[in-house]
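Could you build all of it, start to finish, from the sequences and the hints given here?
Number of protein chains: 2
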Amino acid sequence: MKDSIKVFAPATVANVVCGYDVLGFAVNAPGDEVVMHRVEKSGITIKKITGDDGRLPLDAAKNTVSASVKHYLNHIGQPDLGIEIELHKKMPIGSGLGSSSASTVAGLFAINNLLDNPLTPMELVPFAMKGEELACGYGHADNVAPALLGGFVLIRSYEPLDIIRLPHPEGLYCAIVFPEVDVPTRDARQMIRQKVFLKDAVTQWGNIAGLVSGLFLKDIDLIGRSMKDILVEPVRSILIPDFYKMREMAMESGAVSFGISGSGPSVFAFTKTEANASFITQKIASHLTSLGISSKTYVSPINNNGPVILD
Amino acid sequence: MKDSIKVFAPATVANVVCGYDVLGFAVNAPGDEVVMHRVEKSGITIKKITGDDGRLPLDAAKNTVSASVKHYLNHIGQPDLGIEIELHKKMPIGSGLGSSSASTVAGLFAINNLLDNPLTPMELVPFAMKGEELACGYGHADNVAPALLGGFVLIRSYEPLDIIRLPHPEGLYCAIVFPEVDVPTRDARQMIRQKVFLKDAVTQWGNIAGLVSGLFLKDIDLIGRSMKDILVEPVRSILIPDFYKMREMAMESGAVSFGISGSGPSVFAFTKTEANASFITQKIASHLTSLGISSKTYVSPINNNGPVILD
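As given, the protein sequences belong to chains Y and C, one line each in that order.
Numbered according to this note's numbering, the first sequence spans residues 152 to 462.
Numbered according to this note's numbering, the second sequence spans residues 152 to 462.
The reader is advised that the hints may include incorrect statements.
Stretches of chain Y that chain C covers, calculated by requiring three or more beta carbons in the stretch to come under 8 Å of a beta carbon on chain C [unchecked claim]:
id, segment
1, 169-183
2, 309-321
3, 346-356
4, 366-378
Note that these hints are calculated values from the structure, not bench results.
Glycine included, C-beta positions come from ideal geometry on N, C-alpha and C.
Okay, structure coming up:
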């Protein structure tokens with residue numbers, strides 16, 4: 152049995168356009184790292200957090216990583232195990248890229264591995280959802296499930312929890328731009344209308360059925376045609392600077408699709424080449440700079456593996 | 152070039168549970184037959200209709216078969232071709248099983264074949280939709296597309312028309328019961344609420360994404376878990392005698408799923424064996440008999456081929 156481990160877990164794009172609340176996928180970069188040591192002294196302590204500008208709690212009861220590890224240890228029947236955690240934030244907080252999820256998933260993957268993997272990644276999902284509950288106010292799975300499983304993931308149902316791993320075509324790249332403005336998840340959720348027209352819902356479920364079909368058929372054009380959101384995006388895009396201009400720039404540059412990541416403010420485009428993804432991120436970042444808004448950009452294929460052990 | 156042809160086109164189940172307005176599939180039985188002859192005299196005539204109890208118009212301008220054939224001939228550039236049509240209704244009208252669609256599709260498949268197939272089955276869909284417009288008041292595709300293409304079909308979008316043929320597992324059987332009561336399609340549509348809760352729409356699109364995934368993965372249990380409709384069925388089921396009792400009987404007898412076909416009153420169950428499908432149709436039919444309601448029953452695998460040429 153190992154005494155220490157270092158784990159990377161990936162960022163994720165949730166609320167994938169027409170797949171609001173049910174569809175997410177993981178990317179190779181960015182992501183977070185957790186270093187975990189078994190220690191003599193009973194209980195969980197957060198030894199160090201880097202890269203968070205002091206924004207995350209060191210109190211083990213309040214930190215999402217330690218809190219979800221605690222749930223896990225209780226479940227496993229080892230509530231008194233001594234654990235020291237270092238969290239290295241390598242991605243921005245509040246970006247809409249599943250920042251809390253990446254940290255939580257790295258922590259759970261680490262503890263499960265230290266204990267010789269009593270649970271499968273799928274079985275870790277409910278524990279990671281506990282972390283999301285602490286971070287966002289509700290225990291959603293559309294970031295943690297793709298972060299744990301890799302790839303595209305459908306949350307068909309929460310009660311009972313029913314998670315389906317979907318395939319995707321090779322050669323689909325993701326261009327991400329995080330405009331550095333604040334869009335708290337809670338506010339972004341509260342903006343959304345509670346009632347919608349049935350005919351709009353029908354359009355949306357035609358599109359999600361088309362997107363899922365496109366993923367299985369590895370039909371990138373169908374994926375692109377289906378990635379439209381007439382219900383949530385029109386509201387959420389209001390909080391994102393120059394959203395429709397960014398979309399226009401991406402689509403005119405050859406993107407397959409463009410949308411909001413999670414509840415924003417990050418946006419993402421699918422592209423058919425890595426070079427096209429780089430071109431689009433640079434073009435959008437330059438535009439944001441011209442508006443006086445700094446941004447971070449990421450280019451990555453869709454992540455296939457979920458968390459990985461480093462070193 | 153042939154001078155006459157006899158074509159069978161299959162019945163279809165549209166509005167497949169969580170796939171309201173976007174998903175349909177074809178069955179092997181029942182269905183309709185069209186006999187078509189080329190004649191000297193210019194124009195389209197309906198020579199004979201059998202099996203309709205005199206309910207369908209012999210006027211070629213009002214009959215859905217001749218009207219859609221007329222649209223087709225205009226498009227093909229042969230508006231004056233002499234055509235005589237016999238329509239043999241082998242399935243009930245107003246059953247929710249795509250009765251008008253089966254007739255229209257048989258007619259279009261027949262004329263296209265007589266002219267050596269200038270159009271593909273997919274290209275015939277818009278002409279068949281013209282027939283549906285005449286029959287139902289709006290030109291929907293979720294009966295005619297599966298009747299033309301066979302199998303499960305997704306109508307992702309109407310503008311532009313985007314139709315995707317979906318796979319399905321072998322060994323999935325369909326048990327259909329048509330309780331002989333009247334549920335006009337127009338009334339059934341008007342009952343549906345125009346606005347729905349977003350959270351219910353999310354549940355629905357999680358389920359349609361699950362159903363589409365199940366079809367691709369050939370996962371019959373996932374198909375069954377996903378076939379739930381919380382938006383339309385609760386309203387439409389009111390018009391169907393003892394709907395929830397029929398569901399209970401089907402599910403307790405081992406059905407994979409149960410739902411309304413089209414706008415009803417027919418209901419259908421998916422089963423894993425033909426014997427189970429037969430058992431369920433008989434059980435439900437007996438129950439309806441005990442309520443004083445006569446019914447017709449059909450057992451069939453999912454149709455893979457669309458229309459076929461007879462003789």
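**Prompt:** What hints, given by number in increasing order, does this structure fail?
**Reply:** none
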